[in-house]
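**Student:** Residue numbers (the UniProt record's numbering), protein chains in the order written: chain R, 1 to 550; chain Y, 1 to 280; chain C, 1 to 335.
Hints listed in this document are in silico derivations from the structure and should not be mistaken for laboratory results.
Computed from a predicted model, the values in this text were never measured in an experiment.
Please note that a few of the clues may not be correct.
Mimicking DSSO-like on lysine-lysine, the simulated pairs with C-alpha atoms at most 27 angstroms apart in a straight line are [claimed, not checked]:
1) R:Lys307 with R:Lys166
2) Y:Lys250 with R:Lys416
3) R:Lys252 with Y:Lys250
4) R:Lys205 with R:Lys112
5) R:Lys112 with R:Lys166
6) R:Lys315 with R:Lys420
7) R:Lys227 with R:Lys205
8) R:Lys171 with C:Lys56
9) R:Lys377 with R:Lys339
10) Y:Lys250 with R:Lys281
11) R:Lys307 with C:Lys56
12) R:Lys339 with Y:Lys58
13) R:Lys339 with Y:Lys250
14) R:Lys436 with R:Lys420
15) R:Lys218 with R:Lys205
16) Y:Lys250 with R:Lys404
17) R:Lys531 with R:Lys227
18) Y:Lys58 with R:Lys284
19) R:Lys140 with C:Lys56
20) R:Lys385 with R:Lys315
21) Y:Lys250 with R:Lys284
22) R:Lys404 with Y:Lys173
23) R:Lys531 with R:Lys89
Listed next, the stretches of chain R that the computed footprint assigns to chain Y, with coverage defined by at least 3 CB atoms under 8 angstroms from CB atoms of chain Y [to be verified]:
24) 250–258
25) 275–284
26) 407–414
Even glycine gets a Cβ: it sits at the ideal position worked out from N, Cα and C.
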Amino acid sequence: MTDRFLPFSLSRRRLLTATAVLAFATLVGTANFTPVQAEDSDANGGDITFLIDSLGDTWIPNNSAISSFQGHIWGHVTDKLLYVDAEGKVSPWIAERWEQNDAATEFTLHLKSGVTFSDGTALDAAAVVANLDIWYAGRKSEGINPIGLFPKTYDHAEAVDATTVKVFFNKPTLGFIPTLGYHGSILISPKTLAQPASEQADLSKTSGSGPYVVDSWKEGDFVKLVKRQDYNWGPAAVGHTGPAFLDTITYKLVSEPSLRVASVQSGQADVAYNASPQELKSLKDEGFTIATPRYLGFVNGWAVNTKLPPYDDVKVRQALQAGIDRQEIIDTVYTPDWKLATSFIQSNVPGATDHSDLLAYNPEKAETLLDEAGWVKGADGIRTKDGKPLSLTLHSNPYLATSKSVDELIAQQLGKIGWKVDIRAYDVVTFGEKVKYGGPAIPAYEVTRSFIDAGTVAGILTNANNGENWFALDDRDPKLNDLRDKIAGAGSTETRSPLLDELQTYILDQGYFIPRTQIVQRIYVQSPAVKGEVYNGVAYASYYTAKKSD
Amino acid sequence: MTLTSYSTTPGISIRKSRLRVPPTVTLSFAIVALVLAWSLAPALFTSLSPVNGFPADKLLGPSFTHWFGTDHLGRDVYTRVVYGTASSVSSALIAVVIGVVAGGIIGLLAGFFGGWVDTVLARLVDVLLAIPKFLLAVIVVTAIGFDTINAAIATGVSAVAVFARVMRSEVIKTRRATFVEASFLLGGTRAHILWRHVLPNASRSVLPLAVLHFGDSILVIASLAFLGYGDPPPASDWGLLISIGKDYLKWPWLVYAPAFVTIATVLSVNRISRWLRKTD
Amino acid sequence: MRNAYLTYAAKRLAQALVVILLTYVFTFVVVSILPGDPITNVLNNPQSGFTQEEIKEIIAAQGLDRPVLVQLWSSFSGFVTGDLGLSMRSHRPVATLIAEVLPSTLVLAASGLAVALVLAATVAYGTQFVPKRYGQGLLRGFPSLFLSVPNFVIGLVLIHFFGFQLGVFRVIEPDSVWATLFAAIALGIPISAQIAEVLIANLDNEAAQEYAAVARGRGLGQARLFAKHLLKPSSLPVVTVIALTIGELLGGSLITETVFGRTGIGSLVQRSVSTQDLPVLQAIVSLAAVVFVLVNLIADLLYPLLDPRVTLLGGPKSRADTEDGTTGVSPAVAS
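With the rest of the complex left out, here is chain R (with noise of 0.2 angstroms):
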């Protein structure tokens, strides 16, 4: 070697030496994390900023009511007839008390007086009937949807007189009061619904009833309300009905997940949503306030389609449903606050019973039930049968952010009983475009869906009454069609219930659903400093009832 390069090649190693001690710097700095501790915190009101991940597409009230982002600033701008809590208790908000005839047809609403939108219409009668109107058709031709999971059945409503509605429909509905408390029946003022698409787009242009209006707001970045001081109609239930404590609620995107989190770690806002589970133990024993409500709906897990080979065979179901082992997902993915699942449906939904028998990891009564159904285990570790593989084609989940570790850790799971998984992720509208239940390569669908009423269940087992046909069974299990018919025609919860337990037990046995988790969808990290917030039904933190101390 020549000195004559000497002095570059010098430089060079002092470039990357140098590049390699900021690397480490910032890996030190990272590692001895102080928190700055926040200033800005009245004692009369109080401000707090939410950092969330999405603000979701559109502000059209009926296309954004029930978003998993959106859905935060309607539960605090608008109210809703009734409240739904964390239990599925129902009880009255907005609508005081309720009727309905023998045939679950008519329902008759009685309505709190004096109740306005912020842009001074009374929301009396005549408001609720709007409502329910656009809910139940939307304005398709503007791009206005209908909210999907509202009965089909609706007929027509009327005002009776101004605190009196009569709903009608041409079906017994025993569904429509507990989704007058889901999150897509949200009260708004009728001038905003008389508006165009492009109108109602705008939300500052939107009135509710809430505790909070909009004060100022800007696509993909961030909405600020402001609290109402009239206000005074509060959902009992939370036990308080007055203004809400704090001055403003900032709802900020950010869209990396330890940036919010990092965020509220060194005081620059009071909560992250949607933070990593692996995060959760370190910030717990920093003290912050790791809050992981569960919805009511159903578990995460696969409605598995029992149309394709090899899943038309009951035994290769039961094999999946002992092969996995849901405690090390929890250990690995999740933490102890994500709770195993004892049935397809999460364990706070009424009338859901426990099943951890049927759920629990056997990996050798798997393999047995894979031998006796003739799939033999290759040199490779893979079971075969008349030369095909034993495989199984995983499509995450793109609306849980976990769902893709989870996947990867269950195909590590099941290749050591000889199976053969792959993972596909598509972004969100691939996934809708490619992966339906029951479809021609989809193996089985991960399902996360939350309802408020287990009624609703016997709805996607079948093809029959529009229903989705989760399993991909049409009409051939006649077991599963009577339990249907016989659930949908339940007069009360009573005669309902061990029909539902009957239900669990043969749809878990069967392998037809094949549970993972229950599920978290909605992860909060809070400050200490704020307090008292409530979740609803549907895991949505309200801050209505929340104060923020110094």
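Given chain R's structure and the hints, the job is docking chains Y and C onto it.
**Tutor:** Just chains Y and C, lined up with the frame of chain R:
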């Protein structure tokens, strides 16, 4: 290196300068060789699996057992980087090949034939140039679907215009050269002249540009992966690793390890490209 | 001469219009290839609980099942008359969406360019003053390093070091002065490399010229020589490079805005891409192309007027056609 002598005689020095390899270039070649070896035979460099980890060992810091630490599923990050190399390298190669071949043909035809062929192709190139490169890549990858090969194709498409430009001007330069004119006068066919004289001469300046674009493509594909337009798990392309790592910034080696490998590789490739240009 | 110029100008103008039209069609075709759009996308979300029949009905009501050519025509005729239509994702006017985020991107791009220029000038002029033995090589290595570091890595490092460790700026206020500065650094570093390489090459070139040697022979110090003879001629070509980096600034801002959480054109593109919001993508790509084409058109039209050496008699068809087109890293170093 020892071949270098200071008492260079003019004339011979041109040949000799090709053999004179500065140490940084040697280091660059070594790094590129290592990266190529990783991509061809990853199993030689690690005995662990890039897909299956030990969940109990999740998020361990770098150590002698795990050079780059472990990730959120207890997989060895070094192993994941090594196994991800093939995809990162081959996708960058695909991008370069698309850029060179498509751009080369367009430039060659435009420069050689001139006239309306040139005009039509020039407008096509103008369209590709008018859209910012990265925006074009994003739009193309959206249209053809999100995975690493498609990201490579999109990156290649976004580079077509540059190669077409260079090729065209080189071809025009060569065409006007005396020896090509002479060949025409001697009755050489167009195809013969194109193949025998124009192409070899024009491609000389395309080679360093292609090498440079190889490094650039690694970065562009990594950027696309960072924005979420890459392969699904358990793929471990470098860009994907960085992208996954950014969700676990409390464990910074998940970002720094793959970032360091990416930077070292691109830096080496750039150095080689520069050296190629100088020795030409 | 005057007639020649008018003919030339007319020809260039026509070319520019053709390119804009083609770009529009190209974008439309590319973005329309994949079936799927924000509306269908929302309807398909199983949480919405729509049946297949309902989905079909809603899509038909929106006119999304019309033939592609009909959609292209209605979209293009709107574009020409200045009506960019409504976003399919948010249902708000596309023009409003763009106007809302444009200032933020302009600020970022301008400060990114400023950072790039300062950095490039520091490095390049530094090479003329720092002696070889005291790290001139290090300085000369900078552009190459800058080009090799992905800007999202720079961004992540800056955020964690200055945002969280040192608390220089609040990460959740990305539009504050400090946050903008760091975003501009992340955006500017890779771009500075290109400018610096051109500057260094030109400086070296000028310094090797005879007049520089003569000046040195007359005993002119390095500083005087630099200020008197090297600074101006070496800086002129930078203007051309800046024009070329406009596209890079926009492309880079796509990632920088995502990393820093800024709301700008880049993040609008990101959101529109993830939901296939055709009208917004179409408008942004087309406007970017229009800007690029217009800037080049103006440059081409001014060029013959400014530089008397350029004649139009069978001369250059355009400025762009004559340059060798080694965009990207270092046209000048290559020689």
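**Student:** Hint by hint, say whether it matches the structure.
**Tutor:** Hint check:
1. R:Lys307 with R:Lys166: violated (44 angstroms)
2. Y:Lys250 with R:Lys416: Violated - the C-alpha atoms of lysine 416 of chain R and lysine 250 of chain Y are around 32 angstroms apart, more than 27 angstroms.
3. R:Lys252 with Y:Lys250: Distance of about 22 angstroms is within 27 angstroms: holds.
4. R:Lys205 with R:Lys112: holds (25 angstroms)
5. R:Lys112 with R:Lys166: Measuring from Cα to Cα gives roughly 15 angstroms; hence the hint holds.
6. R:Lys315 with R:Lys420: holds (17 angstroms)
7. R:Lys227 with R:Lys205: holds (17 angstroms)
8. R:Lys171 with C:Lys56: holds (24 angstroms)
9. R:Lys377 with R:Lys339: The hint is violated at about 33 angstroms.
10. Y:Lys250 with R:Lys281: holds (12 angstroms)
11. R:Lys307 with C:Lys56: It holds: about 25 angstroms lies between the C-alpha atoms, which stays within 27 angstroms.
12. R:Lys339 with Y:Lys58: Between lysine 339 of chain R and lysine 58 of chain Y the Cα gap is close to 21 angstroms, so the pair holds against 27 angstroms.
13. R:Lys339 with Y:Lys250: Holds. Lysine 339 of chain R to lysine 250 of chain Y sits at ~25 angstroms (cutoff 27 angstroms).
14. R:Lys436 with R:Lys420: holds (21 angstroms)
15. R:Lys218 with R:Lys205: holds (13 angstroms)
16. Y:Lys250 with R:Lys404: holds (20 angstroms)
17. R:Lys531 with R:Lys227: holds (17 angstroms)
18. Y:Lys58 with R:Lys284: Distance of about 19 angstroms is within 27 angstroms: holds.
19. R:Lys140 with C:Lys56: holds (11 angstroms)
20. R:Lys385 with R:Lys315: Judged against 27 angstroms, a Cα distance of about 14 angstroms means the pair holds.
21. Y:Lys250 with R:Lys284: holds (15 angstroms)
22. R:Lys404 with Y:Lys173: violated (54 angstroms)
23. R:Lys531 with R:Lys89: holds (23 angstroms)
24. 250–258: Our answer is that it holds, as 3 residues pass the Cβ test (under 8 angstroms) against chain Y, meeting three.
25. 275–284: Our answer is that it holds, as 4 residues pass the Cβ test (under 8 angstroms) against chain Y, meeting three.
26. 407–414: holds (count 5)
This entry does not satisfy hints 1, 2, 9, 22, going by the numbered hints stated previously.
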